[in-house]
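Same order as they appear, the protein sequences are chains A and B. Under the numbering used here, the very last position in the first sequence is 475; numbers go up by exactly one each time. Under the numbering used here, the very last position in the second sequence is 475; numbers go up by exactly one each time.
Among the clues, some could well be false.
Each pair may be met inside one copy or between any two copies, as identical chains are not told apart.
Calculated pairs, DSSO-like style, for lysine-lysine (alpha carbon to alpha carbon, straight line, at most 30 Å) [stated by the list, open to error]:
no., residue 1, residue 2
1, K91, K385
2, K418, K385
3, K59, K385
4, K244, K459
It should be emphasised that the hints constitute simulated quantities derived from the structure, not laboratory data.
Protein chains: 2
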Amino acid sequence: MDNFTLKLQASDKRPLYEQLYRHIITELEAGRLRPGEKLPSKRAVCVHLKISQSTVETAYGMLSAEGYIYARPKSGYYVSNIPVRPARSHPLPPAPAKSETPLPRFDFSTGAVDTGVFPYASWARLSREAISNPQLLQRGEAQGDLGFRQALAAFLREYRGVRCQADQIVVGAGLEYLLNVLAQVLPWESVYALEDPGYRAAWQVLRSHGRQVRMIPLDNSGLRADKLRESGANVAFVTPSHQFPLGITMPAGRRAQLLAWSEEVENRFLVEDDYDSEFRYATRPIPAMQGLDGGDKVIYIGTFSRSIAPSIRAAYLVFPRRLLAAYQERMGFAASTLSRFEQQTLRAFLERGLYSRHLRRSANLYRKKQQLLLEELSQLPGAEIAGAQAGLHFLLTLPGKDEAWLVARAAAAGAPVRGLSEYCRDCIPPKSTVVLGFAGLKLEEIPQAAAALRDAFS
Amino acid sequence: MDNFTLKLQASDKRPLYEQLYRHIITELEAGRLRPGEKLPSKRAVCVHLKISQSTVETAYGMLSAEGYIYARPKSGYYVSNIPVRPARSHPLPPAPAKSETPLPRFDFSTGAVDTGVFPYASWARLSREAISNPQLLQRGEAQGDLGFRQALAAFLREYRGVRCQADQIVVGAGLEYLLNVLAQVLPWESVYALEDPGYRAAWQVLRSHGRQVRMIPLDNSGLRADKLRESGANVAFVTPSHQFPLGITMPAGRRAQLLAWSEEVENRFLVEDDYDSEFRYATRPIPAMQGLDGGDKVIYIGTFSRSIAPSIRAAYLVFPRRLLAAYQERMGFAASTLSRFEQQTLRAFLERGLYSRHLRRSANLYRKKQQLLLEELSQLPGAEIAGAQAGLHFLLTLPGKDEAWLVARAAAAGAPVRGLSEYCRDCIPPKSTVVLGFAGLKLEEIPQAAAALRDAFS
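All chains should be modelled from the sequences, with the hints used to inform the complete structure.
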């Protein structure tokens with residue numbers, strides 16, 4: 018009983034059985050309890066430590082289940098002959114350093130949305146309906162629930178001119194995740210062409226999979242078809258509706274050239290990232306390139322993260338039917354990464370017309386914001402604007418000013434912006450251009466936000 | 018105007034501007050409108066087709082934005098000189114075949130949960146609170162929101178003996194997704210050891226990443242340390258709390274051996290998959306192996322999919338601090354795959370003690386189900402049960418019966434079960450063993466479900 022000098026401490030937050038359990042393990046590790054040695058009877062421990070019999074039973078039961086001790090019928094518990102690890106000190110790991118980045122006064126980031134336009138009431142109502150459906154608790158389909166995919170296919174056909182059926186759609190938690198899926202579905206020896214400047218996460222995902230990547234320069238029509246051909250790549254990523262970050266709308270001629278390129282060789286594909294096509298100001302949204310294709314060369318991807326909110330992780334990928342077998346074989350085992358509650362909420366949002374209403378409201382609001390911001394910035398001498406016909410960001414160029422200076426001045430004014438060069442890998446961008454997102458600015462703060470930039474850049 | 022013999026059809030669901038837009042593209046593709054040719058004026062089209070001027074403006078605007086046509090000031094619109102694609106027929110892809118698998122009468126699958134115990138009311142209330150928080154609409158932290166990770170770290174410390182802090186945790190949408198992350202964070206040349214029989218998705222994820230995998234046989238204590246050593250692998254996956262599918266609780270001796278193995282060489286790691294450790298019947302849950310470690314050799318993963326519901330995608334990975342830099346570099350750019358609403362709902366569920374209450378209620382229910390099912394099956398002559406001390410499934414062996422026969426008979430009786438051999442890759446399993454999950458069976462239907470199996474197996 019000498020080994021049980023343990024004092025059970027009321028101040029210790031752990032339950033008594035766990036204190037006892039851990040104490041005995043410590044004794045084993047320290048060699049103070051040796052193999053074959055008999056442990057004190059449960060009753061003796063109760064009396065000695067003034068604890069209940071069930072507490073001792075729990076601790077002995079755990080030790081026995083883990084093989085530290087074993088029971089001999091009508092005799093008691095004995096220490097097993099097992100290699101024990103020497104006692105180790107367990108220093109708590111150091112606390113992480115706190116990040117001290119101050120919040121900016123004005124949000125010119127390209128990833129934000131206006132939280133004022135989010136349909137809180139209808140979203141909450143549809144979520145509650147979803148949560149009350151017990152069927153949605155079980156594991157769903159790998160590609161996403163059929164009803165959600167059907168609603169999505171109907172929406173994409175009507176609003177984006179995408180020709181697809183539900184069985185071609187895979188929904189998942191975010192564009193980056195779907196790029197992950199894509200990198201695994203296409204043969205590993207594929208060579209990927211990316212727009213330069215372009216969307217950085219695509220490069221990162223492909224590189225983290227060890228895939229071969231070629232950076233392709235752009236001209237005024239978007240990805241250069243001649244350079245694509247020279248690169249030897251067989252999968253080309255494009256953002257034809259609103260190139261990220263330059264804002265170019267790819268003209269029909271270039272679309273035709275790229276589609277023709279894809280059709281020349283069996284294993285060539287275009288990946289059309291339609292990330293913010295919902296918002297177009299001068300004209301109606303331009304139909305997706307996927308709809309121009311015969312249906313077997315364009316892989317179409319889109320997301321609700323820009324059109325509803327970044328925290329809504331739902332994104333979708335439309336496979337040409339010829340890639341479905343490879344998807345099934347390589348990724349068909351994984352459960353969907355998207356919550357079924359969120360899938361059902363989005364499905365109802367689409368089916369009841371709430372999503373198209375939300376898009377109209379959002380587009381009107383973003384149009385107003387963009388116009389106001391452009392007016393305010395037009396007072397900046399020499400300012401040139403590009404890429405403003407669509408989307409939630411545009412480019413501001415101030416000839417003669419240095420990009421690094423613009424970025425530093427904006428940050429100092431509490432209105433941080435990104436320089437265009439951040440999106441370049443091999444390309445040499447214009448020297449005096451920054452990227453301005455406006456969705457995260459409140460309409461009423463735009464005059465002050467623009468004034469802050471004007472002051473900073475003067 | 019001959020080219021505009023288009024009849025706009027009210028029966029066509031597409032808006033009028035889109036019908037006009039598509040008609041003109043068809044004319045271009047067919048060569049009936051040629052480069053340089055002047056288009057009819059907007060006004061002429063309005064009158065001819067009896068549609069509003071804004072409809073024509075919209076269609077012309079889209080065509081112009083895409084470069085099909087261009088405007089000359091004070092003159093009108095002209096067809097651009099662009100390569101047009103020949104007109105293609107666009108057959109709608111064939112409809113997918115409908116799957117006709119009948120629903121089983123009794124659900125013995127290992128992935129189901131009891132939907133009756135789901136806390137609908139409190140989940141709906143916490144979700145509504147989350148949805149009404151505008152901050153949660155913006156993009157969150159890549160690893161998951163700090164508050165959620167802090168609540169999770171506290172829970173894991175208290176309930177699972179896991180020693181970690183919030184900065185070591187990455188939350189994501191499902192175990193498979195986190196295995197994806199892990200495969201990208203560890204060096205690509207790592208060699209992975211998997212339990213055989215074991216969790217099939219781990220093999221699939223690693224193979225889809227092209228990683229080297231070694232299958233390691235088990236003995237009564239779980240993964241064989243000698244075979245692990247021989248395999249040359251440097252990352253070993255284990256399920257020490259309740260081996261999947263055998264149900265073995267790894268004894269302390271084997272844990273010590275595996276930890277010692279991991280410590281011999283710098284780049285060796287253990288991945289502890291604690292997938293259903295919350296449910297333990299004979300004793301309290303046994304603390305995780307991660308807590309025995311000094312904190313730098315065990316990568317701990319767990320999920321809410323078993324403890325709450327499969328459709329709740331939240332899973333978590335606890336990195337040793339020495340792997341955090343590699344995580345940041347290779348995966349730190351990606352937004353979390355988990356909805357922030359769901360993160361916040363789970364955070365509140367943890368912080369307000371609702372999760373531990375839910376676990377107690379669930380464990381009591383599952384204990385009852387398991388006891389009842391075991392009692393009912395004990396009437397089967399010769400039946401042997403294994404792995405029933407924890408988790409939501411166990412093994413049933415009927416010596417002398419053939420596994421394929423058992424599986425076929427159960428399926429015919431509307432109570433499909435899996436044979437143990439389905440979980441083997443290289444191993445040769447016992448010939449007469451099936452895996453029975455019981456969480457998805459209602460308590461009151463267990464007598465009938467067991468009777469169906471008894472009849473089928475007699």
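Checklist entry - Out of the numbered hints, which ones does the structure contradict? => result 4
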